[in-house]
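*Asks:* Sequence:
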Amino acid sequence: MGVSKDPKSRREALKQLLEVGLAPSQEEICAELVKQGFDVTQSTISRDLRFLGSIRIINAKGETNYQFPEKLAEYNVSASAF
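Sequence positions in the sequence shown follow numbering that gives the first Met the number 0 and run 0 to 81.
No lab work stands behind these hints, which were simulated from the structure alone. These numbers come from a predicted model, not from an experiment. Treat the hints with care, as some may be off.
As the list claims (entries may be wrong) - Derived DSS-like pairs (lysine-lysine); straight-line CA-CA distance at most 25 angstroms:
{"#": "1", "residue 1": "60", "residue 2": "34"}
{"#": "2", "residue 1": "7", "residue 2": "34"}
{"#": "3", "residue 1": "4", "residue 2": "60"}
{"#": "4", "residue 1": "70", "residue 2": "7"}
{"#": "5", "residue 1": "70", "residue 2": "14"}
{"#": "6", "residue 1": "14", "residue 2": "34"}
{"#": "7", "residue 1": "60", "residue 2": "70"}
{"#": "8", "residue 1": "14", "residue 2": "4"}
What the hints assert, rightly or not - Restraint-style ranges between C-beta atoms, simulated for each label pair:
{"#": "9", "residue 1": "63", "residue 2": "3", "range": "23 to 29 angstroms"}
{"#": "10", "residue 1": "33", "residue 2": "67", "range": "21 to 27 angstroms"}
{"#": "11", "residue 1": "62", "residue 2": "2", "range": "27 to 33 angstroms"}
Just so you know, even glycine gets a beta-carbon here, dropped at the ideal spot from N, CA and C.
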């Protein structure tokens, strides 16, 4: 498998991670996308998260995760912009 630099497919893979709740930190997102064959850095992830309109949430247990604002109704969380 080659390394992908295509922003569209990278952002789609990132959206999928957010939708299934596998986005606790930018570093962990980066590691997961690298495993999937994407050429990314933490800075790339930060820009993509902003581009997609995601926010960082903190649940009642104090755990963080990146999510889309429209999903907040499903959680009892506070949100912060990154």
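*Asks:* So, for every hint listed, does it hold in this structure?
*Replies:* We went through each hint and held it up to the structure:
For the hint linking residue 60 to residue 34, the alpha-carbon distance of about 28 angstroms lies beyond 25 angstroms, and the restraint is violated. Our distance criterion of 25 angstroms between C-alpha atoms is met by residue 7 and residue 34, whose separation comes to about 17 angstroms. Note on residue 4 and residue 60: the hinted pairing is violated, with a Cα-Cα distance of about 36 angstroms set against a maximum of 25 angstroms. A distance of roughly 22 angstroms separates the Cα atoms of residue 70 and residue 7; the hinted pair therefore holds under the 25 angstroms criterion.
At most 25 angstroms may separate the alpha-carbon atoms for a hinted pair to count; residue 70 and residue 14 meet this at roughly 13 angstroms. This hinted pair checks out: residue 14 and residue 34 have alpha carbons roughly 16 angstroms apart, not beyond 25 angstroms. The suggested pairing of residue 60 with residue 70 holds, with an alpha-carbon distance near 18 angstroms, which does not exceed 25 angstroms. Taken as a hint, the residue 14 and residue 4 pair is honoured in the structure, with Cα atoms around 16 angstroms apart against an allowance of 25 angstroms.
One distance hint, 23 to 29 angstroms for the beta-carbon pair residue 63 and residue 3, holds here, with the actual separation near 27 angstroms. For the pair residue 33 and residue 67, the beta carbons lie near 23 angstroms from each other, so the given range of 21 to 27 angstroms is met. The hinted range of 27 to 33 angstroms is satisfied by residue 62 and residue 2, whose Cβ atoms lie roughly 31 angstroms apart.
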